[in-house]
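Enquirer: Protein chains in written order, with this note's numbering: chain C, -3 to 87; chain G, -3 to 87.
Be aware that a few hints might be false.
Copies of one chain are not kept apart here, so a pair can be met inside one copy or by any two copies together.
To be verified - Heads up, simulated SDA-like pairs for lysine to any residue below, C-alpha to C-alpha not over 25 Å straight-line: (1) K54 <-> E66; (2) K73 <-> R49; (3) K72 <-> Q20; (4) K54 <-> V25; (5) K73 <-> F50; (6) K54 <-> N12; (7) K86 <-> V67; (8) K73 <-> R27; (9) K8 <-> K48; (10) K54 <-> E84; (11) K54 <-> G71; (12) K86 <-> P11; (13) K72 <-> E84; (14) K73 <-> F21.
I should point out that these hints are in silico values taken from the structure, not numbers from a laboratory.
Keep in mind the model is a prediction, meaning the values are calculated, not measured.
Number of protein chains: 2
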Amino acid sequence: MSSEGVILVGQKQTPNYVLATVTQFSQGVTRVIIKARGRAISKAVDTAEMVKRFLQNKVEVKDVKIGSEEVGEPGKKRRVSTIEIVLERKE
Amino acid sequence: MSSEGVILVGQKQTPNYVLATVTQFSQGVTRVIIKARGRAISKAVDTAEMVKRFLQNKVEVKDVKIGSEEVGEPGKKRRVSTIEIVLERKE
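The following block holds chain C by itself, in its conformation from the complex:
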């Protein structure tokens, strides 16, 4: 059976997100999606790379999607870029 987890990368420091992701995998989750917007995008990539090194040969980057969405209140709307990094446990 496969299960999926999501990690939203935001203001905290990178190790927090690395630990959260590794914890999900260690609890048996087979796929974790790391999501971020705006400036946190770099941190999401750092997180994925650190998880890959930490769980060497056990986890791989399956897909990376970029996009953008509108945020803010009406009249103050602006677009921010987004990223989704799909990490999967190797068989």
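Use these hints to put chain G onto chain C, whose structure you have.
Expert: Coordinates of chain G only, in the frame set by chain C:
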């Protein structure tokens, strides 16, 4: 015939890289790879998204690769994350 361009995203502001990318496509290049490291990764995603909106329906994101590399002098080495975003002109 297909040709390929590379844009290295660094310290400058995003519009510089958007313009550089759009210029390459307008000169007939069929594939542009936007590359960045570290904090500039978010800017690379912004660049790709802005090019996509600017050249609406003419360009698509073909691939996004993330990785990491070692930088710095011996004894001061550290790893930085990297991204490569492949934009291609649609047929």
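Enquirer: Compare the structure with each hint and give your call.
Expert: Status of each hint after checking the structure:
1. For the homomeric pair K54 and E66, the shortest alpha-carbon distance between copies (22 Å) is at most 25 Å, but the shortest distance inside one copy (36 Å) is not.
2. Within a single copy, K73 and R49 get their C-alpha atoms only as close as 38 Å, which misses the 25 Å cut-off; across copies the closest is 16 Å, which meets it.
3. In this homomeric assembly, K72 and Q20 never come within 25 Å of each other (Cα to Cα): the closest approach is 37 Å inside a single copy and 33 Å across copies.
4. In this assembly of identical chains, the alpha carbons of K54 and V25 lie at most 25 Å apart only when taken from the same copy (12 Å versus 39 Å across copies).
5. Only between protomers do K73 and F50 lie at most 25 Å apart by alpha-carbon distance; the minimum there is 18 Å, versus 39 Å within a single protomer.
6. In this assembly of identical chains, the alpha carbons of K54 and N12 lie at most 25 Å apart only when taken from the same copy (20 Å versus 40 Å across copies).
7. Taking CA atoms no more than 25 Å apart as the test, K86 paired with V67 passes in neither setting, with 36 Å inside one copy and 29 Å between copies.
8. For a Cα distance limit of 25 Å, the shortest separation of K73 from R27 qualifies neither inside one copy, at 33 Å, nor across copies, at 31 Å.
9. In this homomeric assembly, K8 and K48 come within 25 Å of each other (Cα to Cα) only inside a single copy, at 20 Å, whereas the closest approach across copies is 30 Å.
10. When the C-alpha separation of K54 and E84 is checked against a cutoff of 25 Å, the pair qualifies only within one copy, where the shortest distance is 8 Å, while the shortest distance between copies is 32 Å.
11. Taking identical chains as interchangeable, the C-alpha atoms of K54 and G71 are never at most 25 Å apart, the minima being 47 Å within one chain and 29 Å between chains.
12. Within a single copy, K86 and P11 get their C-alpha atoms as close as 22 Å, which meets the 25 Å cut-off; across copies the closest is 40 Å, which misses it.
13. For the identical chains of this complex, K72 and E84 are neighbours neither inside a copy (38 Å) nor across copies (32 Å), given an alpha-carbon limit of 25 Å.
14. Within a single copy, K73 and F21 get their C-alpha atoms no closer than 37 Å, and across copies no closer than 29 Å, so neither meets the 25 Å cut-off.
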